[in-house]
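Q: Below, each chain spelled out in residue letters.
There are 2 protein chains.
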Amino acid sequence: MKYIIIAIGDELLAGQVTDTNSGAIARMLEPAGWELMRVEVIADTAEALEDALAHAMRDAHVVLTTGGLGPTKDDRTKQTLCRLFGGTLIHSPEVLANVRHVVEARSLKLNELTALQSMVPDNARIIQNDVGTAPILWFERPDNRVVVCMPGVPFETLQMMERKIKPALLERFPKRETLIRHTVVACNISESNLAQILSDWENALPEFAHMAYLPKPGVVRLRLDGHGDESIVCEMDRLRDQLISLIPPANLMAVADMTPEERLIQLLGERKLTVATAESCTGGTIASRICSVAGASRVFKGGVVAYSNEVKSGVLHVNPLDLERCGAVSSTVVEQMATGILELMQADVAVATSGIAGPGGGTPEKPVGTVWMAVASRRGVRSVLRNFPGTRDRVIDRASTAALLDLIQELSADVER
Amino acid sequence: MKYIIIAIGDELLAGQVTDTNSGAIARMLEPAGWELMRVEVIADTAEALEDALAHAMRDAHVVLTTGGLGPTKDDRTKQTLCRLFGGTLIHSPEVLANVRHVVEARSLKLNELTALQSMVPDNARIIQNDVGTAPILWFERPDNRVVVCMPGVPFETLQMMERKIKPALLERFPKRETLIRHTVVACNISESNLAQILSDWENALPEFAHMAYLPKPGVVRLRLDGHGDESIVCEMDRLRDQLISLIPPANLMAVADMTPEERLIQLLGERKLTVATAESCTGGTIASRICSVAGASRVFKGGVVAYSNEVKSGVLHVNPLDLERCGAVSSTVVEQMATGILELMQADVAVATSGIAGPGGGTPEKPVGTVWMAVASRRGVRSVLRNFPGTRDRVIDRASTAALLDLIQELSADVER
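If you read the sequences in order, they're chains G and E.
Position in the first sequence (first residue = 1) + 347 = this note's numbering.
Position in the second sequence (first residue = 1) + 347 = this note's numbering.
Among the hints, a few may not be true.
[Unchecked claim] Label-pair restraints from in silico Cβ distances: (1) Glu451/G / Asp406/E: 43 to 53 Å; (2) Ala452/G / Glu577/E: 20 to 30 Å; (3) Ser546/G / Leu620/E: 24 to 34 Å.
[Unchecked claim] Result set (DSSO-like, lysine-lysine): computed pairs, CA atoms no more than 30 Å apart in a straight line: (4) Lys511/G / Lys513/E; (5) Lys619/E / Lys713/G; (6) Lys713/E / Lys563/E; (7) Lys349/G / Lys513/G; (8) Lys563/E / Lys349/E; (9) Lys563/G / Lys511/E; (10) Lys349/E / Lys619/E; (11) Lys456/E / Lys713/G; (12) Lys511/G / Lys563/E; (13) Lys619/G / Lys349/G; (14) Lys456/E / Lys511/E; (15) Lys563/G / Lys713/E; (16) Lys619/G / Lys713/E; (17) Lys713/E / Lys456/G; (18) Lys456/G / Lys563/G; (19) Lys349/E / Lys511/E; (20) Lys456/G / Lys563/E; (21) Lys563/G / Lys456/E; (22) Lys511/G / Lys349/G; (23) Lys511/E / Lys713/G; (24) Lys619/E / Lys563/G; (25) Lys563/E / Lys513/G; (26) Lys511/G / Lys456/G.
Everything labelled a hint here was simulated from the structure, so no lab data went into it.
From the three backbone atoms N, C-alpha and C, an ideal C-beta is built for every residue, glycine too.
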């Protein structure tokens with residue numbers, strides 16, 4: 348089933364909020380074979396919505412809209428759709444009861460503006476919102492075109508998609524197509540170098556299979572899709588195994604769709620080892636990425652964000668003389684940070700970073716983007732100097748990815764010995 | 348000037364990558380009065396691109412496309428546009444020289460696939476890409492419709508927008524309209540409560556002014572826009588001051604568009620104070636948010652991510668008996684974490700978190716989402732219990748925002764005394 352999402356909101360077009368709902372909805376509906384054809388991000392005006400709806404209903408049977416259902420003056424979706432589908436707004440005691448319930452569960456009192464959420468179109472099916480005050484509206488045309496309007500707050504959108512909207516959509520359109528997807532993640536290799544290695548194999552792929560390259564700093568995800576029925580399952584497994592065998596082992600991060608932090612947690616769990624972090628320029632990003640994974644508490648001992656030199660020496664026991672002689676951004680200091688945190692946290696493996704994230708602080712010898720990194724384990728400590736181009740955000744992001752990949756490499760090497 | 352962005356890529360529709368380029372471009376062009384009408388996120392097929400271009404060129408003079416220019420097989424933009432505008436691909440020695448230069452600056456060798464980037468449409472103006480291998484293509488129709496195709500990798504897109512594309516667009520379409528924008532940020536108050544307080548004032552706004560509510564967990568940004576010429580500047584200042592005076596002082600976080608972490612750094616800088624963090628369930632997210640702000644090094648001493656009890660007692664000096672008696676998620680422990688880190692880092696103010704981020708680890712007494720937080724300063728220490736609904740990501744995000752707001756409140760209270 349093909350569908351289109353219309354994301355409504357001036358704040359999306361102004362770049363003040365990023366639309367993450369569409370991607371999350373796509374990931375949710377994809378296992379059922381639903382294909383997102385297009386996303387239109389539009390302003391919160393009746394004209395923009397009318398135009399986008401006409402364009403979308405021309406191309407797809409199902410149109411999902413997000414946003415534009417809030418109680419404030421700048422949300423106009425409900426009125427516009429009600430009118431377009433030829434209905435009028437009526438008061439719904441059931442919706443009011445639900446809104447009151449949601450508001451009171453938050454220990455708040457229902458105010459007049461929020462109570463207006465109980466005005467709903469008489470020509471729509473109403474799906475009660477368990478986690479917010481805007482009811483979900485389901486419009487249907489005689490030609491089987493379905494438009495579902497849901498709130499735009501990501502938590503509400505995704506909770507309600509999962510609990511009620513997705514089940515209702517699959518019930519309404521039960522026919523399923525099969526999509527078989529394998530994802531393999533390569534690291535420390537460029538998209539074009541990978542494409543050259545895989546070129547012959549890719550050109551020989553059967554008609555039903557398609558591969559896409561999804562590069563991110565430090566990693567390239569290879570997504571192998573097969574469209575067909577059950578008969579392609581074995582063939583797709585074989586193609587995945589071929590793909591894996593073609594990637595140089597040192598560049599193969601994972602044989603499933605996972606982030607470096609997820610792969611790290613998995614490796615640590617398998618080997619019953621623990622990790623610790625000592626961060627200067629990355630400022631806690633490595634730790635927070637590790638902790639973003641459920642189950643991190645079993646393998647993550649803890650970390651220190653050692654932004655100042657006092658903390659590097661006072662907490663991590665970096666030699667103050669070395670700090671003075673070599674500077675904080677140096678091989679000597681970063682190695683002492685790594686061994687210091689390994690000792691302090693009593694962990695099996697540790698990573699440390701010290702660098703210049705910018706925009707200030709660069710020198711001709713150590714320009715912005717210069718980062719020393721060290722990995723320490725019971726096998727010893729080793730450090731490496733890297734330089735990441737770009738803005739502060741980018742330096743921090745790339746340096747933390749590189750640190751996670753270094754830990755993965757250390758653990759992989761551990762096994763080879 | 349109104350414009351439309353077409354973001355190209357199967358990975359965007361599959362929800363594997365989020366389109367952040369459109370928002371960044373919107374923020375970049377907005378000071379010049381450029382208004383983003385719509386964003387269309389489409390698949391990497393010739394049909395989707397042709398359809399989207401026809402729809403976009405109907406409505407706007409300028410269409411910007413991002414993505415679809417990579418060297419791999421799944422990118423088809425260049426061929427499609429070349430054909431649509433009636434040209435053919437020719438080899439450009441200048442582009443090849445530039446591609447070679449970019450590749451060699453990364454200490455890599457130019458491979459065949461990347462060299463293909465030198466094939467460019469003979470009917471397009473070519474803008475050399477300083478930071479990547481895909482050249483930027485500028486097509487122009489006799490009716491003044493302009494289509495600019497740029498790469499989709501965010502770093503390349505934004506660097507090239509800033510350096511070359513934005514200047515070229517402003518030169519090509521020099522007429523500017525005035526948009527005056529004021530943003531005020533409220534905290535710890537719901538959108539609907541705020542809307543009720545502001546209702547009368549909002550209804551009385553002059554024709555040229557419009558206000559939008561942009562809620563995020565913990566904060567609501569209020570964006571007041573005025574469209575007109577220079578004559579509205581003073582009136583817009585007056586409206587902003589009125590808006591500020593209507594918000595309860597305890598709920599006014601900032602009178603400019605800034606995040607809690609930016610406001611915190613600003614307050615600390617003004618008062619010449621330093622901060623430290625001790626995080627359990629938030630896992631380094633508070634530290635990384637503080638460090639994401641340029642200049643953080645002047646006010647951030649450092650932090651400890653104390654995920655295990657050993658680290659809480661060994662590094663932060665939490666009493667092991669209290670850990671056993673009260674549990675890690677308790678007022679007693681979180682207050683000792685806050686005073687412990689204040690002492691360890693020799694900071695002026697500190698925040699600590701201890702809670703259950705989930706999905707596992709919850710109990711009937713302390714369900715997932717239970718978080719104790721403490722703020723310590725020279726004035727003493729105080730703690731508060733909060734409960735955040737939702738997934739692990741959401742608990743961590745909301746808890747770290749609440750911690751930053753607690754620090755801001757502590758610093759604001761400091762001044763009032």
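Q: What are the numbers of the hints that this structure violates, sorted from low to high?
A: Numbers 2, 3, 4, 10, 13, 15, 18, 24, in rising order.
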